[in-house]
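Each chain is listed here by its residues.
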Amino acid sequence: MFSGLELENYSMSLNTFKRLLAFAAGVLVTLPGLALAAGGEKNALNMPVGVTDVGRSIFDLHMIILWICVAIGALVFGVMFYSIIYHRKSRGVKPAQFHESTKVEIAWTVVPFLILITMAVPATSTLLDIYDFDDADMDVLVTGYQWKWKYEYLAEDGESVAFFSNLSTPQAEIYNTDGKNENYLLEVDEPLVIPVDTKVRFLVTANDVIHSWWVPELAVKKDAIPGFINETWTRANEIGTYRGQCAELCGKDHGFMPIVVEVVSKEDYAAWLGEKQEQAAKVKELMAQTFSLEELMARGKAVYERNCLACHGARGEGGVGTAIAGSPIATGELGGHLEIGINGVAGTAMQAFGGQLNDVDLAAVITYQRNAFGNNMGDLVQPIDVFNYKQG
Amino acid sequence: MGDHHHGPAKGLSRWLFTTNHKDIGTMYLWFSFAMFLLGGTFAMIIRAELFQPGMQLVEPAFFNQMTTLHGLVMVFGAIMPSFVGLANWLIPMMIGAPDMALPRLNNWSFWILPPAFLLLASTLFMEGGAPAAGWTFYAPLSTTYAGPSVTIFIFCIHILGVSSIMGSINIIATVMNMRAPGMSYMKMPLFVWTWLITAFLLVAVMPVLAGAVTMMLMDVHFGTSFFSAAGGGDPVLFQHIFWFFGHPEVYIIILPAFGVVSQIIPAFSRKPLFGYDSMVYATAAIAFLSFIVWAHHMYTVGMPVAGELFFMYATMLIAVPTGVKVFNWITTMWRGALTFETPMLFCIGFLVLFTIGGFTGLMLSIAPADFQYHDSYFVVAHFHYVMVAGAVFSMTAAVYFWLPKWCGKMYNETMGKTHFWISFIAFNVTFFPQHFVGLAGMPRRIPDYSLQFADFNMMSSIGAFVYGASQLLFLYNVIATIVAGKPVSDDKVWDGAEGLEWTVATPAPYHTFEVPPKIDPAHAHF
Amino acid sequence: MLRVSRNPAVDTALKLVATAVLMFSFVFVVMVPLYNVLCDALGINGKTSGQAYTAAPAGIDESREITVQFIARNNDGMPWAFNPGDRMLRVHPGAATSTVFHARNPLPKAMVAQAIPSVSPSRAAEYFHKTECFCFNQQPLDGASTAEMPLQFIVDRDLPRDIKTITLSYTLFDVTDMASDAVAAR
Chain A
1 MFSGLELENY
11 SMSLNTFKRL
21 LAFAAGVLVT
31 LPGLALAAGG
41 EKNALNMPVG
51 VTDVGRSIFD
61 LHMIILWICV
71 AIGALVFGVM
81 FYSIIYHRKS
91 RGVKPAQFHE
101 STKVEIAWTV
111 VPFLILITMA
121 VPATSTLLDI
131 YDFDDADMDV
141 LVTGYQWKWK
151 YEYLAEDGES
161 VAFFSNLSTP
171 QAEIYNTDGK
181 NENYLLEVDE
191 PLVIPVDTKV
201 RFLVTANDVI
211 HSWWVPELAV
221 KKDAIPGFIN
231 ETWTRANEIG
241 TYRGQCAELC
251 GKDHGFMPIV
261 VEVVSKEDYA
271 AWLGEKQEQA
281 AKVKELMAQT
291 FSLEELMARG
301 KAVYERNCLA
311 CHGARGEGGV
321 GTAIAGSPIA
331 TGELGGHLEI
341 GINGVAGTAM
351 QAFGGQLNDV
361 DLAAVITYQR
371 NAFGNNMGDL
381 VQPIDVFNYK
391 QG
Chain B
393 MGDHHHGPAK
403 GLSRWLFTTN
413 HKDIGTMYLW
423 FSFAMFLLGG
433 TFAMIIRAEL
443 FQPGMQLVEP
453 AFFNQMTTLH
463 GLVMVFGAIM
473 PSFVGLANWL
483 IPMMIGAPDM
493 ALPRLNNWSF
503 WILPPAFLLL
513 ASTLFMEGGA
523 PAAGWTFYAP
533 LSTTYAGPSV
543 TIFIFCIHIL
553 GVSSIMGSIN
563 IIATVMNMRA
573 PGMSYMKMPL
583 FVWTWLITAF
593 LLVAVMPVLA
603 GAVTMMLMDV
613 HFGTSFFSAA
623 GGGDPVLFQH
633 IFWFFGHPEV
643 YIIILPAFGV
653 VSQIIPAFSR
663 KPLFGYDSMV
673 YATAAIAFLS
683 FIVWAHHMYT
693 VGMPVAGELF
703 FMYATMLIAV
713 PTGVKVFNWI
723 TTMWRGALTF
733 ETPMLFCIGF
743 LVLFTIGGFT
753 GLMLSIAPAD
763 FQYHDSYFVV
773 AHFHYVMVAG
783 AVFSMTAAVY
793 FWLPKWCGKM
803 YNETMGKTHF
813 WISFIAFNVT
823 FFPQHFVGLA
833 GMPRRIPDYS
843 LQFADFNMMS
853 SIGAFVYGAS
863 QLLFLYNVIA
873 TIVAGKPVSD
883 DKVWDGAEGL
893 EWTVATPAPY
903 HTFEVPPKID
913 PAHAHF
Chain C
919 MLRVSRNPAV
929 DTALKLVATA
939 VLMFSFVFVV
949 MVPLYNVLCD
959 ALGINGKTSG
969 QAYTAAPAGI
979 DESREITVQF
989 IARNNDGMPW
999 AFNPGDRMLR
1009 VHPGAATSTV
1019 FHARNPLPKA
1029 MVAQAIPSVS
1039 PSRAAEYFHK
1049 TECFCFNQQP
1059 LDGASTAEMP
1069 LQFIVDRDLP
1079 RDIKTITLSY
1089 TLFDVTDMAS
1099 DAVAAR
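Chains as they are written, first to last, in this note's numbering: chain A, 1 to 392; chain B, 393 to 918; chain C, 919 to 1104.
Each hint should be verified, as a subset may be incorrect.
Unchecked claim - Straight-line distance between alpha carbons at most 25 Å, and here's what the computed SDA-like set of lysine to any residue pairs gives: (1) K801(B) to L701(B); (2) K809(B) to N388(A); (3) K579(B) to K252(A); (4) K252(A) to T543(B); (5) K252(A) to K910(B); (6) K579(B) to N925(C); (7) K252(A) to F547(B); (8) K390(A) to P1068(C); (9) K150(A) to D137(A); (10) K809(B) to K150(A); (11) K1082(C) to V697(B); (12) K1048(C) to P1024(C); (13) K284(A) to R1005(C); (14) K199(A) to K1048(C); (15) K150(A) to S514(B); (16) K180(A) to T543(B); (17) K252(A) to S514(B); (18) K910(B) to E285(A); (19) K180(A) to T731(B); (20) K103(A) to T543(B); (21) K252(A) to G539(B); (22) K284(A) to N1055(C); (23) K94(A) to T731(B).
Claimed, not checked - Some chain C residues flagged as far from chain A (calculated, every beta-carbon gap over 10 Å): (24) G995; (25) L1025; (26) I1034; (27) M1096.
Said to hold, decoys possible - If you want the footprint, here are the derived chain A segments under chain C, 3+ residues with CB under 8 Å: (28) 172-185; (29) 225-239; (30) 348-354.
Calculated from the structure, these hints are not laboratory results. Don't be surprised by glycine CBs; every beta carbon is placed ideally from N, CA and C.
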């Protein structure tokens, strides 16, 4: 029925096809292996296994389902490609005319259903594990802000430890005037620090819009919803630095509010916490002090770069926010400047920094704004001025 | 009867005042293609910014406007109207009706669309820019924290909701009342069936979307607190209402695509569709399930565990009827006499890529695993596999398949096949790597990313540029066909094609089936 | 069968228009109230009842102790200082316990606040009964003045035994603009 030539062509295409299949299978088999080796590294292909038991079970679940899908896919596409190769009109086949078979149709309704049940079982048990919030050893309140995170360690007593965690990648790297460092966009000025082998409960909420707190290697993602508290937890088995990002669109700088979690030994954690508590006590002391213009300007510059620069520009030229250079507020009466710095401007991106910065930093940054970028007001704002303004 | 026999009016008024289903179908198709190019342009801007790490071309705020408008324009401006256009052209011809049941309503439902999208596009030039809260516009980012354009955006959503509802009412009224004698429901072509079910979905859920945006409007302007905790509301309520609309919406997009594929695969397999009845039941089952799975978009909002389990199980169930459809299509090809003209190639492309999208959909349905996938590029890859390779590929197949019937001329097959292969390869180069970066931890909707994602993003961008350019080839091929294609004279353009639309003259006359056709009672279905 | 028009297609269309209108109102009259009912019943978002709990006390369960954490925070744009009097309390289920929250309005103008409670874990919400709470009403406060806001609560004896810690968070919203004049005048 076939001429020799056609047959030869045909077997050649079949060989090519077989080789292609073998190649595809090879790629599929090696990919997850590669990814395991490269978890979190450049060009990773797969989900990181992470450093928690929950992360491990999620990864296993993910791989089981992936392989089931690959197997079904190989079968379905295999049949389809067989048909594409063997049932071509150009091979002179006469089309069959069958168009239903109750038995077959029932079979391929029931079999997938059974496969789904085998998937649902491990999925359910993993989900129940994740929902076991109890018996946490410590609690951290995580609050999403436009566009930073605040971490607050909830303790019964003692100096409370709370701080904001801002993106620390310089604008110059983002706008390509400087080379990018290896943790580009995944670095913060102050990471969350938690102890290893400890069940940490995160209470997640938001200040303004919905955010989502996601650290892939801790297998944690929870939406932060303004007004309400969500909870999730982790227990990291390995010391290390784990990076994540906000996962819910939250406005302009959604892509610029990373999360960095340092998992440290229990001893290091205790030392770190002690130091933070000391610092908090020190800020209280500093608040009673009086500073020179130089001291305030130096501190203010650092605070400005972390909190103001993204909107108001490196030279106070403005951007999303109004210009600081020559602005009627920064060169006007001090009370107005304090008011805006502390209480923000409702309905705009200008936030109330009164609750975000301590009085020392507020005093410094306001002094800086009034004396930098060509604003030569010459006046000093001391922490006590901020404190008094807040008291009303 | 007199005025029924005149041809089309001349000039602009033909298009403005037409009540002819073919004219309106044509306008829908061209409008949707224009929107496809506009939404595509937004996508090109997104991919250009993401070509390399760092901010190069646009500012983050504008980037968010681009992702938002890209989604809105593609979903509401390109994909949905294109299938409405197809329905207008084909449903009357497929069921042996002279026109749509409510021709004047048909004219209105089209003509309110272009002003709505013009208005939406004009927000780009407004103070504060276009809407930037994503196509899902979650409150309170889209309400309390939105710019002034949100009011115009809400108005646009209302208009296009009205347009969709009117279009759907027309389709249902046509299918229920205008079928030729002897064309029983279980004889209707599958495209008509999928559209009938889609139209019911639209009538049910477009008002829900309208309700959601009305609440937004009231929150923004009239001091209510539907979505703000301050007044006793809840931002999560918005997500529930949105996805109660939104999940059926994705089936609204894909069901007509299923219909198209169910017409084309049998034609080029020269073999009847396998399992017609089960196809109809599977479509209905998918439509029903779409109403009870919405919260799988919200696994991370903090639902009670019982809720998570319910939505996970219900979502997994969708794999069953969807699987039945895929198996039926492949069995239709089995032992057929296959040829691979452009429409068939696009359908095979659909079959392969939609199935992959279905698999990732199944993976996403698993709640614990979704805690890692959610809002990552894995999701972006997933829904582009079902939206682009699903809806757009099948729509493209439909244009190549019915174009010769519409204009009486044959498209350039070589160019068509070239279009397919470039599209198919470029699509995969664009979206397959997005699975990898998503799994590795890249969130969606970010204008810049860390260095470990750079290579795959560059690959993705290159693929996107090629995919975008290949659509210009498509446009050229269609215009060249209409202007100077090789004339076709056979009523039945494709030797394997079945259905009443292939019994009328080629090109299809302005008026068809003014006398209902005789339906052969022996014919199982069309 | 109801016939309005001689054209059956118009009849079909009218029924569908009615369906669409029905679905539109369904959002307002069914979905929103239903969601609120479900939230109360299932503790979605850790929402607690907005009304004082009045059931008769059923005795104190001395056999276990529950840790109740308090969080006080401000939403965007709320300038008040707002702190819990106790960061943490250990209570027996069934026992009525009182605590206070401190609020201070630093601005020179009178303002009105609304505190929104949220309980974590959310399934504990239905077992957390407030007999008195400042969150039941909007709270007005004159400029540059302070207030002590009381809370009295009972943890239900039927609280599942595996829940050992309950966190109660209050988020303070500035509702001065939307507050009724009656509240502002109080």
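Hinted pair K252(A) and K910(B), Cα distance within 25 Å
62 Å, violated
Hinted pair, alpha-carbon criterion (25 Å max): K180(A), T731(B). Please report holds or violated.
52 Å, violated
Restraint check for K94(A) with T731(B), where alpha carbons must lie at most 25 Å apart:
12 Å, holds
Is the coverage entry for the region 348-354 of chain A by chain C consistent with the three-residue Cβ rule at 8 Å?
Our answer is that it holds, as 3 residues pass the Cβ test (under 8 Å) against chain C, meeting three.
Do the alpha carbons of K252(A) and G539(B) lie within 25 Å of each other, as the hint requires?
12 Å, holds
Would the pair K150(A) and S514(B) pass a check requiring their Cα atoms to be no farther apart than 25 Å?
38 Å, violated
For K103(A) and T543(B), compute the direct alpha-carbon distance and say whether it is at most 25 Å.
55 Å, violated
K910(B) paired with E285(A) [C-alpha distance capped at 25 Å]:
Between K910(B) and E285(A) the Cα gap is close to 96 Å, so the pair fails against 25 Å, i.e. violated.
With a C-beta cutoff of 8 Å, work out whether three or more residues of the region 225-239 of chain A approach chain C closely enough for the coverage to hold.
holds (count 7)
For a C-alpha distance cap of 25 Å, please report whether K180(A) and T543(B) respect it.
Cα-Cα ~40 Å, so violated.
Within 25 Å, alpha carbon to alpha carbon, are K579(B) and N925(C)?
Holds, at roughly 24 Å.
Given the hint that K150(A) pairs with D137(A), does the C-alpha gap stay at or below 25 Å?
20 Å, holds
The structure is inconsistent with the numbered hints 1, 2, 3, 5, 10, 12, 14, 15, 16, 18, 19, 20, 22, 24, 25, 26, 28, although it conforms to all the rest.
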